[in-house]
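> Sequence order for the protein chains is A and B.
All residue numbers for the first sequence refer to the working numbering, where the first residue is 101 and numbers rise by one.
All residue numbers for the second sequence refer to the working numbering, where the first residue is 44 and numbers rise by one.
Read the hints as simulated data drawn from the structure, not as lab findings.
Among the clues, some could well be false.
Unchecked claim - Estimated spans, in silico, between C-beta atoms of each pair:
#1 Leu-226(A) <-> Ala-532(B): 47 to 53 Å
#2 Leu-226(A) <-> Gln-390(B): 18 to 24 Å
#3 Glu-274(B) <-> Leu-226(A): 34 to 40 Å
#4 Val-411(A) <-> Glu-138(B): 31 to 37 Å
#5 Ile-199(A) <-> Ala-358(B): 21 to 27 Å
#6 Val-411(A) <-> Asp-165(B): 44 to 50 Å
#7 Pro-227(A) <-> Val-319(B): 49 to 55 Å
Every residue gets a Cβ at the ideal spot worked out from N, C-alpha and C, and that includes glycine.
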Amino acid sequence: MAPDVTTGALGGSLQRFLRWDVLVGVLLVFVFAGGLTGSPQFGNIDNLSFALGDLGEIALIALAMTLLVVAAEVDLSVASVLGLSSALVGNLWDAGWAIETIIPLVVVVGALCGLVNGLLVTRLGLPSLAVTIGTMALYRGLAYVVLGDRAVAGFPQQFTDLAVNDVPGTFIPYPVMLFVALAAVTGVVLHATGFGRSLFAIGAQVEAAHFAGIRVKRIKLILFVVASVVAAFAGVIYTFRYGSARADNGSGLEMAVIAAVLLGGVDFDGGKGTLGGVIAGVLLIGLLRNLLMLNDVSTEIQSIVTGLLLVISVITPRLVAAVRQRRRTPTLTTQPTPEG
Amino acid sequence: MTEPPGGDAPPVLALRGVSKAFGAVQALRDVSLELFAGEAHALAGENGAGKSTLVKTLTGVYRPDTGQLLLDGEPVEFHSPADAQNAGVAVIYQEPTMFPDLSVAENIFIGRQPRAALRRIDRGAMHGRAAELFKRLGVALDPEQPARGLSIADQQLVEIAKALSRDARVLIMDEPTAALSGAEVTRLFNVVKALREQGCAVLFISHRLDEIFELCQRVTTLRDGTWIASEPVAGMTHDDLIRRMVGRDLDALYPKLDTVPGEVALKVHRLTREGVFTDVSFEVRRGEIVALAGLVGAGRSEVARAIFGVDRWDAGSVEVNGRGLPAASPTAAMSAGLALVPEDRRQQGLVMEQSIERNIGLTGLKNLRRGPVISRAAERDRARDWAIRLQLKFNRLSDAVNVLSGGNQQKVVLGKWLSTRPGVLIIDEPTRGIDVGTKAEVHRLLSELAADGLAVLMISSDLPEVLGMADRVLVMQEGRLVAEIPRDAATEESVMAAATGRAS
């Protein structure tokens, strides 16, 4: 038996503190404090409300993406589903349909998009990265088929108001309230239910999960459908928030979503991560984008920052692990021990 | 023989008074070992006794804190595995790593290919030299075939050839037989004997005591990092060796209880998976331990996987307690009361990076629910109950299973499945790669469970285990069930004869 010599009681609590998601939370506090001192408008309630609202779609999709990445899959087509959803809303509204009919229809189309992704991954055994790069282009293309390069506006105010107004008495916009509710549900599902346990097992060791009677394919299919349904609904919110339906709405949004999820400490290889970390990651990205915008930094630079965060959040845990490994080696615990 | 071979010549490779510590853990304490040319020397000890550390010290992976390495009687320091290799020390691992797309010869001479003009690789010379090496070993392998698809046994032979091509004088074999079938073990032993006669020193590590007695002239025993004895094998008994390894007398290794079989719990009827196994029919009754024996590749694990639903079957049926099972649904198999302890515990049995309690809880996610959420208390209780019952050695239930020894990992897999309260337990290689103490515990547990009415189907490549534990032995050969041998008639000879098709 190899006794674990590296974690005493003190070492344990120190390691707990040094967990990635906790670090991101701390970083978030620093960015917030920095923003307050660095920019006069930043702490303004209206600005914070706007910053939160501006995050809505990213935040919502990040919840579903977290479940996928924990199960070692990914969906790059979410922003295209959002665009397709927006284009459908525009086209059907233009054709005189009622919003109350359009929304359920769009959600069903979202579910179909997810079904295509999920079936390609689970039935044909294709890697989700490749499948969803393909459907990313496919769904965006469909969005242009539906709406061309037109922009449709003039949606009823009762709906556009819902997308931007705050819940009365708070500075929290309705979509953010929706996020809070869904985040609570997702947190429970991921961390406290058998379904969540299954996701971690699938992500960490898919064969062992299969051998333990977990219905791996069915669960993955559900995750892809959920991700696309959420993305489609986020497309509705996006359309009403900007009051404009366009086929290119939300393009590139998937990068911000994945950046937030990885920044939140979810392992891209699956099996590790917390929802708390992802929420911290989403807020961090949102605040940084807001700060850059307030300081009139161009969108190109904003894109560069998002990209850098993505790279950093992928690299850093590996570096930390590599350094730890080197410091520990050789110990009994880190060597592969065929005979114990 | 009492004197080591080699006359007055100094040992080829020796350790003298070597100690090695990792932090607070003393892995080796004043250990000495002498390897002489022309001897096969066994290294025995339980898991964690320090065998791996010793091997890594001999091969330049670790450097000793105190003590010396001697090469041909001269002190020497290995600063890296390359140093050890250049000194003629080679290791053959249990599962070698090959370049699957390169040919056998290319694998042997990788990085040292014979050159022709213009630095082109001289394939003819390379294949010729590889063929010579195989001839020296007395095995028939084609140097030009790709390494992909070679059995583990063949891969080991390629590794041995590679070692010879580097003029290795000391071969260290770390559990080479764990994944081999009987015939492959025999072939490997013939190779080792040939090497020995050609003057190599072989250090042989195995959990299978029979193999030590068959192959080796001397044995060095380690216990808790301390040298216990180096002595000739001749004149020793199994019990002597076990006593040196565990430091106490061991209960019988195969504590089989007599049981009266009850009604049929598992009925497999004409089960077929095309190209894998054909027309397999058998029954397992409550209280029975039925062994499924055969060579590696005979299709035993595949039958188990199909019964449990991990793989699909093409024809036939499976019944548990009289009720038919749908194909390809582990979930349905579990609710019918079936459990499968799989062959590969690191890939199939456990989620290595997750905790003991999570792993044990994984098979009971439905039962651990309080409302929609999992009760952590229930999860912990379930894990603790089984950890205690199985005498698991651990610090905390929240520790990842990858810090546990192989034997303790196997106990976690057992706990994971026994906690589902199965009526039929299929267990594939119950004790592969685990130490002799834990092995006896697993056997006692299986025996007790059967006595309590569990139906056990045990797949094992360990013949003494098959003969010691099974009420009946089913033998598979090339995808077919070829023999059923009752306990009284089961001998190594009768089982091997059936497994290799020599039976009439």
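> Between Leu-226(A) and Ala-532(B), is the Cβ distance one that fits in 47 to 53 Å?
holds (52 Å)
> Within 44 to 50 Å: is that where the Cβ-Cβ distance between Val-411(A) and Asp-165(B) falls?
holds (46 Å)
> Okay, Pro-227(A) versus Val-319(B) on CB: inside 49 to 55 Å?
violated (26 Å)
> Given the range 18 to 24 Å, decide if the beta-carbon distance of Leu-226(A) to Gln-390(B) lies inside it.
Given about 22 Å between the Cβ atoms, the range holds.
> Evaluate the given range 31 to 37 Å for the C-beta pair formed by Val-411(A) and Glu-138(B).
Given range 31 to 37 Å: holds, Cβ gap about 36 Å.
> Are Ile-199(A) and Ala-358(B) spaced within 21 to 27 Å by their CB atoms?
Distance hint for Ile-199(A), Ala-358(B) is violated at roughly 55 Å.
> Could you tell me whether the CB distance from Glu-274(B) to Leu-226(A) stays inside 34 to 40 Å?
violated (59 Å)
Figure legend: structure checked against the earlier numbered hints; hints not met, in rising order: 3, 5 and 7.
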